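Novice: Assemble the whole structure, with the sequences as input and the hints as a guide.
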Amino acid sequence: MTLHEHDVIVVGAGGAGLRAAIAANEAGADVALVTKLHPVRSHTGAAEGGINAALRDGDSWEDHAYDTMKGSDYLGDAPAVETLCQDSPEETIQLEHWGMAFSREDDGRVSQRPFGGLSFPRTTYAGAETGHHLLHTMYEQVVKRGIQVYDEQYVTDLAVTDHEDPEDRVCQGCIGYDIKTGQLNGFVANNGVVIATGGPGQMYAHTTNAVAQTGDGQAMAYRAGVPLQDMEFVQFHPTTLPSTGVLISEGVRGEGGILYNSNGERFMFEYGYANNDGELASRDVVARAEVTEVNEGRGYENDAVHLDMRHLGEERITDRLENIIHLATDFEGVDPLEEPMPVKPGQHYAMGGIETDENGETCIDGLYAAGECACVSVHGANRLGGNALPELIVFGARAGRHAASEDGAGAQIETGSSARIETADIDVPTELGRVETGSDDAVADGGELHSGSPKEVVNRALEQQRERVETLMETDGINHADVRSDLQETMTENVNVFRNEAGLKQALKDIRACRERYQEVGVSDPSRTFNTDLMHTIETRNLIDQAEVLTLGALARTEFRGAHWRQSHQERKDEEWLKHTMVAWNDGAPELYYTDVLLEGESKKYEPKVRSY
Amino acid sequence: MSTHVSESESEAQAGTDQQTTDRPAAQQRRLEKKRASNDQREQADSSTETDEETVHLKVFRYDPEVKDKQEPRFDDFHVPAKKGMTVLDALIYSRDHYDSSLTFRHSCRQAICGSDALFINGSQRLGCQTQIDELDQPVRVEPLPHQEVVKDLVVDMEHFYDQMDTVEPYFQEEDLPSGLDEQRQDRENREKIKMSTRCIWCGACMSSCNIAAGGNYLGPAAINKAYRFVMDEREGEDLKQQRLETIEEEQGVWRCQTQFSCTNVCPKDIPLTEHIQELKREAVKNNLKFW
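Chains A and B, in that order, give the protein sequences.
The C-terminal position of the first sequence is numbered 613 in my numbering, with every residue numbered one higher than the one before it.
The C-terminal position of the second sequence is numbered 1291 in my numbering, with every residue numbered one higher than the one before it.
For the record, the hints were derived by calculation from the structure and aren't laboratory data.
Certain hints may be false.
Said to hold, decoys possible - Cβ pair distances, simulated, as ranges:
(1) Glu1278/B to Ala411/A: 28 to 36 angstroms
(2) Gly254/A to Lys1058/B: 37 to 45 angstroms
(3) Arg1184/B to Pro121/A: 14 to 22 angstroms
(4) Arg145/A to Leu1180/B: 22 to 30 angstroms
(5) Arg320/A to Leu1180/B: 25 to 33 angstroms
(6) Asn1216/B to Asp162/A: 48 to 56 angstroms
(7) Glu1053/B to Glu296/A: 29 to 37 angstroms
Said to hold, decoys possible - Quick partial rundown of chain A residues pointing at chain B, CB under 8 angstroms, derived from the structure:
(8) Arg109
(9) His132
(10) Glu140
(11) Gln148
(12) Thr529
These numbers come from a predicted model, not from an experiment.
Backbone N, C-alpha and C fix where the C-beta goes; we use that ideal spot for every residue, glycine too.
Specialist: Shown next, in the form of structure tokens:
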């Protein structure tokens, strides 16, 4: 066991983590990145679309903010949204100054293109691989600055003091498990810890997210006392390949690709799902139409429908959609020039996450979060295409800077329990939270917190994690993969694009059963070298916690807003539901409450309007 | 320890077409190869009754600290076949259903994170990008040759990362426009560096290269990274000069013997050998300038 000490520790090295580390470094801090992968393996690299930034004459950050508030179905917080839109141009050009290979116009300036829900073509892009270029460009700058990277180091828990009220707690560091050697390491953060661990897509059986997207940061922050916000809002992408979840870009439908059911009908029109826009209706509409077709017996095997682009002709397809040919051939074994591609909806993006203010700070002193794992909130009930990448760089930079300088100045968004406006009162069909057993070692979860000097706090957390690892290694128990697949199955069945009360209650019961079975997991690989069995086992615990929060929020929210659809509640109910859902771990007894949505911007109020395109 | 490289692998086509420019794009070749092998397979399937129920994998196993795995061995896994199944899918299935200690790197499952470059039936490929039904069975899955094996299919990537670092893999221009003005770059110039920027650091090229084996040759990926900056007009002449000096050093471009093995295995179809050749020419031109 080793103790590493730095001013700022950034957990996760995707877009938000890298940007946070660079910002902290530029603010003069000694910063280290800790990642369970290697930075260039992070899932930011899979982002295709682009970065929304108001760069050109005729566009303005105010227009970008208006579009984003509308797209969020008025669940975004105006101070966060305005910050995103004000900072994005500078952050985007910063990437260009770091050499990012953006696509170019004839005059040599960076290209921008139109995207759904935008009033101006402001999506700045680098081919169909914007995320790949963004990730590598920032990693290059990390190398240039000599920032320390602890790669293949899995952070299993935060080291937080044990004050009763989470708002009094201080984060002093975290604990990392060196995957290569099996050694546990303590990381002492003199100034702050920034969580940037990405999305939790692995809660679902079918997702565009990487296998590593288990939302570890959300689960750790949650158990340390930070509420998770608006977790019920999950974006499903309508065209993903059935066997892997690989995403087939909207570009196929944009170019004229057609969706068919197994009767050969163009169902978007034939069954009236979207008589005007057809295949180009918004993501949630198309996804629900596909599931309906399958449920009514008009689907293909693997719950898929067909996406056909053959009529576009080989020349046009090769010219504009060449990468689709490779994706379908490599990942589904289907040549889209010769036959239609099977597609189905897949989990794509989590709008909710760790509650932060617009500086990335949580209610726990010294604990920050940025990127998909965080909820500032800029995406509200639904994220616009092209708004994920600017979130990474804008709030990554802000979190890094603030963690380095310790000036908590000027946040308009209030966090923690003091922002509470109302405590929820809902019927749940089962117990939630911690499973009461005599010995909780196998699932030690940071619930037992410590006080003392930063090093003492980290050392004791380290000892607790050592016991946890030992117990998991020694237990001759069930394989976590069985528990995980049960969890994914119920989430996919009951907390998908269609949600109703009975299904959500069933999911809560199933999640409870997973939690109870998890008490019996054991790691059967006895090795200390590269024990991925152990890492995946710990991840599964994190998924269970988040699935419970998500489902609880979905059960409480009896309205249809953005990506959250509820049977028997088919309208947005602003009088009742214009508020954020918060779930706090509450030392093992989860509690649901609500906070205000901030619609008041710098100089205007965003009045809720009907979200139609 | 390290696995040995299979001899049938290196196709010695050196010199025959290194200067040819009208060769079909690498990706086109790859697609055609796939279509041809699919056709062949269909014919084979109709003539002989093969067992279509399961896929047979032979997977390399080794763990330095587990007693019965200290001697490298191959384990057999029989996985239920599914349409569209990739080698990675089959490995995940084997781990989750048969042996949770089976160890391999993987993350995105879509050929962008570069974690799962493996030696599959004697060739460096990404597990996620390789359809099972285009392979002969049993499918032999081994760690990348020429790298130290950490455990099972996991190899030590440190040498690869070190070589990348050698070429100062970051944009260094400091004479930048102010404020929200971007540097201008011609479309043609962006097109010129496009393929080189697609590298996902998987290490397949390095593993396939006989010259990089066991030595200190920078290797195709690092040289390609240098190419990406040398050719980028946004970096000034001085930096270009400096970069050319680095890649001309003893372990640089001149060690490449244009065997095209790196180009053949690159999962992102980067014309690596061409890039190395082009840098050789740049270096010569550059040296003549100072003569």
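Novice: Taking the hints in turn, state whether each one holds.
Specialist: Hint by hint, here is what the structure shows:
Our hint of 28 to 36 angstroms for Glu1278/B and Ala411/A is violated, since their Cβ atoms are close to 52 angstroms apart. Remark: the range hint 37 to 45 angstroms for Gly254/A to Lys1058/B is upheld by a beta-carbon distance near 44 angstroms. Distance hint check: the CB atoms of Arg1184/B and Pro121/A are about 20 angstroms apart, consistent with the given range 14 to 22 angstroms. Roughly 23 angstroms separates the CB atoms of Arg145/A and Leu1180/B, a value that falls within the hinted 22 to 30 angstroms.
The hinted range of 25 to 33 angstroms is satisfied by Arg320/A and Leu1180/B, whose Cβ atoms lie roughly 30 angstroms apart. In this structure, Asn1216/B and Asp162/A meet the distance hint of 48 to 56 angstroms, their C-beta atoms being roughly 52 angstroms apart. Remark: the range hint 29 to 37 angstroms for Glu1053/B to Glu296/A is upheld by a beta-carbon distance near 31 angstroms. Taking 8 angstroms as the C-beta contact cut-off toward chain B, the hint placing Arg109/A at the interface holds, the least distance being around 6 angstroms.
Checking His132/A against chain B by beta carbon gives a least distance of about 6 angstroms; that is within 8 angstroms, so the hint holds. Because the smallest distance between the Cβ of Glu140/A and any Cβ of chain B comes to about 4 angstroms, under 8 angstroms, the interface hint for this residue holds. At about 14 angstroms, the closest approach between the beta carbon of Gln148/A and any beta carbon in chain B exceeds 8 angstroms, and the interface hint on this residue is violated. Checking Thr529/A against chain B: minimum C-beta separation of about 5 angstroms stays under 8 angstroms; hint holds.
Checked against the numbered hints listed earlier, the structure breaks hints 1, 11; every other hint is satisfied.
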